[in-house]
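S.K.: When you number the sequence shown by our numbering, it's gap-free, plus one each residue, and the end is 236.
Think of the hints as simulated: they come from the structure by calculation, not from any bench. Possibly wrong hints are sitting among the right ones.
Distance condition first, Cα-Cα at most 20 Å in a straight line; then the derived SDA-like pairs of lysine to any residue [what the hints assert, rightly or not]:
1) K208 to T219
2) K144 to F196
3) K166 to T219
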Amino acid sequence: MANIITGFRILISIAMLFCPVFSPVFYMLYLIAGLSDMIDGTIARKMNTVSESGARFDTLADTVFVVVCMIKLLPVISMPAWLCGWIVMIALIKIINIISGYIVQKKLAAVHSVMNKVTGVLLFILPLTLSFVPLKYSAVAVCAIATFAAVQEGHFIRKKEKRV
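Build the full structure now, drawing on both the sequences and the hints.
M.R.: Encoded structure:
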């Protein structure tokens with residue numbers, strides 16, 4: 073059941089490509105995709121069907137959703153250079169975390185911390201606020217929390233290294 077919901081998220085994400093950005097249909101599909109991401113893992117845990125392949129499928133669905141959102145949103149929002157630089161810095165921290173996680177654990181490690189989840193929720197909410205909160209204000213809050221989450225993730229990975 074969880075994998076069906078995850079597959080549905082991929083289809084919904086692809087359908088978003090064919091909707092005008094910020095239209096009611098776009099927002100409806102966006103919300104459905106986001107809600108499906110919240111419930112598929114819960115259903116898998118409650119039905120005791122959690123699996124590594126299901127987790128990978130969920131990651132694939134998340135990636136499709138994020139890429140579609142970037143394709144649709146980036147051309148229509150104006151981002152100041154400082155914000156682009158901050159986002160690149162967060163991405164570099166995350167890449168370093170992936171590399172150091174691989175070195176420490178000999179596999180791709182993901183830290184599902186509370187702050188990473190808070191960052192995900194804020195990133196999900198951000199496009200819903202663009203029509204009434206200027207990006208330069210909302211992005212500061214999201215980037216500050218995302219930066220903290222990325223640094224914290226690196227700390228958790230290094231902490232694991234001491235145990236190995």
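S.K.: Run the structure past the numbered hints and jot down the numbers of the failing ones, going up.
M.R.: Every hint satisfied by this model.
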